[in-house]
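Number of protein chains: 2
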Amino acid sequence: MTKKAIGVFDSGLGGLTILKELHRVLPHENLIYFGDTANVPYGSKSKQTVTRFSLDIARFLETQGIKMLVIACNTASALALTELRKQCQIPVLGVIEPGAQKAVQTTRNGRIAVLGTEATVKSRAYPKAILKRNARLHVVQQACPLFVPLVEESWTNTPAARLIAKTYLASVRQSKADTVILGCTHYPVLKPVLASLLGKRIHLVDSAEVLAQAAKHFLQQHKQLEQTGRGKLTVYASDDPVRFKRMASCLLADKISTVHLKKLNA
Amino acid sequence: MTKKAIGVFDSGLGGLTILKELHRVLPHENLIYFGDTANVPYGSKSKQTVTRFSLDIARFLETQGIKMLVIACNTASALALTELRKQCQIPVLGVIEPGAQKAVQTTRNGRIAVLGTEATVKSRAYPKAILKRNARLHVVQQACPLFVPLVEESWTNTPAARLIAKTYLASVRQSKADTVILGCTHYPVLKPVLASLLGKRIHLVDSAEVLAQAAKHFLQQHKQLEQTGRGKLTVYASDDPVRFKRMASCLLADKISTVHLKKLNA
Chain A
26 MTKKAIGVFD SGLGGLTILK ELHRVLPHEN LIYFGDTANV PYGSKSKQTV TRFSLDIARF
86 LETQGIKMLV IACNTASALA LTELRKQCQI PVLGVIEPGA QKAVQTTRNG RIAVLGTEAT
146 VKSRAYPKAI LKRNARLHVV QQACPLFVPL VEESWTNTPA ARLIAKTYLA SVRQSKADTV
206 ILGCTHYPVL KPVLASLLGK RIHLVDSAEV LAQAAKHFLQ QHKQLEQTGR GKLTVYASDD
266 PVRFKRMASC LLADKISTVH LKKLNA
Chain B
26 MTKKAIGVFD SGLGGLTILK ELHRVLPHEN LIYFGDTANV PYGSKSKQTV TRFSLDIARF
86 LETQGIKMLV IACNTASALA LTELRKQCQI PVLGVIEPGA QKAVQTTRNG RIAVLGTEAT
146 VKSRAYPKAI LKRNARLHVV QQACPLFVPL VEESWTNTPA ARLIAKTYLA SVRQSKADTV
206 ILGCTHYPVL KPVLASLLGK RIHLVDSAEV LAQAAKHFLQ QHKQLEQTGR GKLTVYASDD
266 PVRFKRMASC LLADKISTVH LKKLNA
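Protein sequence lines, in the order shown, are assigned to chains A and B.
Here our numbering is used: the first residue of the first sequence is 26, the next is one more, and so on.
Here our numbering is used: the first residue of the second sequence is 26, the next is one more, and so on.
No lab work stands behind these hints, which were simulated from the structure alone.
Some hints here could point you the wrong way.
For identical chains, the list gives no copy identity; a pair is met inside one copy or between any two copies.
Distance condition first, Cα-Cα at most 20 angstroms in a straight line; then the derived PhoX-like pairs of lysine-lysine [what the hints assert, rightly or not]:
1. Lys153 / Lys72
2. Lys216 / Lys153
3. Lys92 / Lys157
4. Lys270 / Lys147
5. Lys287 / Lys72
6. Lys72 / Lys270
7. Lys248 / Lys72
8. Lys111 / Lys92
9. Lys111 / Lys45
10. Lys288 / Lys191
11. Lys216 / Lys241
Just chain A, with the same shape it has in the complex:
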């Protein structure tokens, strides 16, 4: 069982921030990443459609013999986790629960802000997960639909990114939150801009770190943790593997050697 890989998927590139952290925390595990670049983005799409895309990917990854599925996409975690757990034979880890838990542990003043896609915000998945842990906390949400295209276009360190971020963060500053969840796997790439606008006192919760720890904890508990050998990294994209590899190399410090094309429903 322990020789099997961990499957990881995202709507596109964003989940690579999680892949990188999983690889750091679980260096002996084989990881298979699927970026759904034919259907990216998920954040403006409906629950029904995002669930359909997610199930297609999960089915493909299951055929690769994975021991665990990690949803490295906040929108898919918010909209499709329940259905994926119902239909998959293996454990499925989403990114919302670990992020919410970390935010609850971190806040000092009881005020948490969530930045996310339109779909994640609309689902109220983060407020629900936070308030389930502590009903007295105060949660505000802000949809940031332009952040994903900014990251996908590598415009993260531009005056335009700063101006757009400033607009979105107005409500966060007003809320007096001391803890801000980066509720989309693309957003950590914007950390420098966000941190400089919010100031040092505000804690940014990056789900990549928390999720990787949660995955490790789960594997330990279930005695499925690989202890030796160097983990292999396999990457699939549903469209244009060449473009994906080029952009992924910008996002990741390590270069990905090959990206395989895998069309879904073709």
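Following the hints, complete the assembly by docking chain B onto the known chain A.
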């Protein structure tokens, strides 16, 4: 034959600028619009994937008994027109040829700039269509990947839109082009910002107007033009018809009464 509708499709909302113009120029024609909101955007995707999406839509529209197919999307016109013409039983009109023709007629100094998505620019469909008409013209291209999300998020009249447009237009200004093709159906929504940055002397070519005239011309020539009755408008979207209707109502002066959900490959 003349009672049949004209099928119109786009990756999402952008093509509604063309639908509106078709409805104005051809008020007696029934129009069926398909917005592929489950797969939007097309502009960053490969030829193979965009062609696959386009063929699925064309097949569905053909089952609705259309007499002509209008590709109201520059990316799909640039990447999938040849394949659509091969596989469809009806005439297919793209948006590139009419736009190129108009630009060639318009330029006085022989310098034309094309603004488009990454995929449209990469295809070189506009330069090819322009240079075929007059090989002595000078054509520059600029990909503007953030324009579509700006329009889809209704951020068209913001300082961020202005800043992003200014960055993209630097190369256009440098090229001394007197004619600029808005080579994506989303871009006409940004006309006020673009016109104010480029100045009054520069002519913006909006494919909607030219394409509608081309469609009318074709129907006249083939004696398929409807002369009486009020044309009916039917709208399909591949995801979230409620969201589509809300956003479409912002883009169009007329309200769309109903948007039908039609999933492809589901």
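Intra- versus inter-copy proximity for Lys147 and Lys270 (alpha-carbon distance at most 20 angstroms): between (32 angstroms within a copy, 18 angstroms between copies)
20 angstroms Cα threshold - placement of Lys92 relative to Lys111: within (16 angstroms within a copy, 45 angstroms between copies)
Intra- versus inter-subunit Cα pairing at 20 angstroms for Lys72 with Lys270: Between. Shortest inter-copy distance 17 angstroms satisfies the 20 angstroms Cα cut-off; intra-copy 28 angstroms does not.
Within, between, both or neither: Lys288, Lys191 at alpha-carbon 20 angstroms: neither (38 angstroms within a copy, 37 angstroms between copies)
Identical-chain pair category, Lys216 with Lys241, by Cα at 20 angstroms: neither (25 angstroms within a copy, 52 angstroms between copies)
Lys111 and Lys45: within-copy, between-copy, both or neither at 20 angstroms Cα: neither (28 angstroms within a copy, 44 angstroms between copies)
Intra- versus inter-subunit Cα pairing at 20 angstroms for Lys153 with Lys72: within (17 angstroms within a copy, 41 angstroms between copies)
Identical-chain pair category, Lys92 with Lys157, by Cα at 20 angstroms: Classified as neither: same-chain Cα gap 29 angstroms, cross-chain 56 angstroms, threshold 20 angstroms.
Status of Lys153 relative to Lys216 across identical chains (alpha carbons, at most 20 angstroms): Neither, since 25 angstroms and 42 angstroms both go past 20 angstroms.
Status of Lys72 relative to Lys287 across identical chains (alpha carbons, at most 20 angstroms): Intra 23 angstroms, inter 15 angstroms, cutoff 20 angstroms: inter-copy only.
Identical-chain pair category, Lys248 with Lys72, by Cα at 20 angstroms: neither (34 angstroms within a copy, 45 angstroms between copies)
Consistency with the previously given hints fails for numbers 2, 3, 7, 9, 10, 11, ordered from lowest to highest.
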